[in-house]
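Colleague: Here is how the chains run, residue by residue.
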Amino acid sequence: MLAALPLIPLTAALATLAIPADGPRRLVLIAAAGLHALGTAATFAWPPEPAWGGLLALDALGQLFLSLASLLFLAAAIYAAGYLRHEGSGPKRDFQDGAAFINAPERIFTMCLCLFLCAMTVVCATRNLSVLWVGVEATTLTSAPLIYFHRHRRSLEATWKYLVICSVGIALALLGNILFSVAFFDPSSPLASMDLAAMLPRAPGAAKPWLRAAFIFVLVGYGSKMGLAPMHNWLPDAHSQSPSLVSALLSGALLNCAFLGILRADQVLAGAGMADFGGELLVLFGLVSLATAAVFVVGQGDYKRLLAYSSVEHMGILALGVGIGGGAAFGAMLHAVNHSLTKGALFLLSGNILAVYHTRSCHDARGVARALPVTAALWLAGFLAICGSPPFGIFVSELTILKAMLAGGHAVAATLFLVLLAVIFVGMSVPVLRMVQGPLPPAVKRPGPESPLAVLPPLVLLAAVLVFGLYLPGPLTAFLTKAAQTLAVGG
Amino acid sequence: MELYQSVMVALLCVNLALLAVTRLRTLTRITAVQGALLALVPLLSATPGAAGHMLPLSLAVLAIKGIGFPWLLARTLSRLEVNPVVEPYLGFNLSLLAGVSGLLFSLWLETRLPFPPGLFPPLLFPAALTTIFTGLTLVVARQKALTQVIGYLAAENGIFLLGTPLSGQGSVWLELSVLLDVFVAVFVMGIAIHHISKTFDSIDVGRFCTLRD
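Chains as they are written, first to last, in the working numbering: chain A, 1 to 491; chain B, 1 to 213.
If you are wondering where the hints come from, they were derived from the structure by calculation, not from laboratory data.
Cβ coordinates follow ideal geometry from the N, Cα and C atoms, glycine included.
Each hint should be verified, as a subset may be incorrect.
Non-contacting residues of chain B with respect to chain A, defined by C-beta distances greater than 10 Å in every case (computed) [what the hints assert, rightly or not]:
id, residue
1, 9
2, 32
3, 40
4, 64
5, 67
6, 82
7, 87
8, 94
9, 105
10, 107
Example chain B residues on the side facing chain A (calculated, C-beta under 10 Å, incomplete) [to be verified]:
id, residue
11, 118
12, 132
13, 139
14, 145
15, 151
16, 165
17, 166
18, 175
19, 177
20, 182
21, 188
22, 195
23, 196
Construct all of the structure, not just a fragment, from the sequences and the given hints.
Modeller: Spelled out as structure tokens, the structure:
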């Protein structure tokens, strides 16, 4: 079954390329997303055997991130059907500078979406560091055309930055992988592969200085793709310029995949008894990311950039949680779930607002409650959720991380964490509340009733976050605990 | 072994040349030379028994890095009618100085690091590290999108060079997939450069200044 999972989107990609009509192509996209989600759900009922000669193997950690990517992709695919119908294929005028542009052909767009899912599946479903690298590089290449869907100069600028920064970043991660090989070098019994199953038993005997160097390179390399500050520069540009469903996938699924690369390296470190070294670096990068997000969220006038900086913040929280370890690692796993669902929903909603207001400015998009009542209600709920307000799931995960920090004696980090969260809360609440309230700007026509394709996916995602805030099902807790333990004991 | 050392010295010289040339066309040719030299390394460093395994890797490196990339870059260059001069943010003399400093630093680092015995042949580590430095310098110190791609390629070449002593027999095909990935990356970047040239009438990334906070 595991062998088939990347093949579903791959086959769909080939099919979308062959189908000439738009309607059936969108159906294929949704069908592939649905099948992939079903296949992923089936891995919980029937734990799959390793496939492709052992290259694909699913553990709790990979399963967690695979489920998030699959679920979010399904939501994005359903949303895409409405979005692509609305976009059409004719020439358009850029609402910012008035220049003419066209969209990329829909065929290429849907094909790249499917290939993107295929690449993310490979990243999540492998425990081999080399295959993971190939998968992460493939996610960059398949998502770059998605960011450049609107072919105007700003999205081109964002795409180029994304390509160069992420490619150089991932090259550094490759260097990290090579340094791991140096650390494990033993002429009498050569390491056959970069598989965790082969590496972890030998980790205690690996050369410590090389392990440290390798982890630093992997952290900086995948960290640049994950959006950890100060390597996050591409992220606000790419997230703000790409179509909203792509932003949802980048933020909710792709950043997790890059994080998984760091977690795999962290597993090797834990296996070598060096968890403290990795933990300290993760805490440092986590706090720097939170601080950077706080600086840029306050006074941010572009609501898609606001969401992008919020992603930098939450990636920081994930790094912080894993870095502290213990109960905080469980909190980080729960946080990854909540963040992906909430941020996915928020980006999809931002697409609804953008389609009516034709502006990304928080100042100009006023009176959303009057124009788009359902979207406005969800936007407000999503904002409360992403800022960690009760009763949403992020409140629970942030509290879990905070409790573990205090219990572990990290008082300074805990104080910084709280202060920065408070600053970000205030920084986000001002523009979001202003957008929802107020009269409709005269230039904006009140649209007709909102399409179910545009509001149902974010509604379902946010409902899940609300449920996780009120009640955490036992099997989910057990599963997340297992994923967190994978990190602690190195697998 | 003497041939091996000569290849390493040649690679070091190629790095300095990459930093010093002022014409884009020459830069793509030097990239081809670097790729061809790199293709020799797996063959020369293989133990007699493993040469058979290394042959496909060497051929793939020659095809992709020695011929494929330079051809793609040269084709992009001839189609775009861009100003053929490399425009630097950091002057050529300073770039060369940075390159030489990188080399001296790598030589010093080689004496300080605890290398596993018998892993890296002499000169390989400084050659690889200097190549990575050179690539990163080109990415940040040159204005044109094309030179950024060449910088990325040089950095990848350095990383590949560092990895050659470690490539076991079983992992050769994984290295091939890495090569393929990099190849596709350059292909995608090539397409992006075409769009940049069409949209901005230039491939000068200094014009990218719309997106900021």
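Colleague: Run every hint past the structure and note whether it holds.
Modeller: Verification of the supplied hints:
no.	hint	result
1	9	22 Å, holds
2	32	20 Å, holds
3	40	19 Å, holds
4	64	15 Å, holds
5	67	21 Å, holds
6	82	15 Å, holds
7	87	17 Å, holds
8	94	21 Å, holds
9	105	15 Å, holds
10	107	18 Å, holds
11	118	6 Å, holds
12	132	7 Å, holds
13	139	6 Å, holds
14	145	7 Å, holds
15	151	8 Å, holds
16	165	9 Å, holds
17	166	4 Å, holds
18	175	8 Å, holds
19	177	5 Å, holds
20	182	8 Å, holds
21	188	5 Å, holds
22	195	6 Å, holds
23	196	6 Å, holds
Violated hints are absent here; each numbered hint is respected by the structure.
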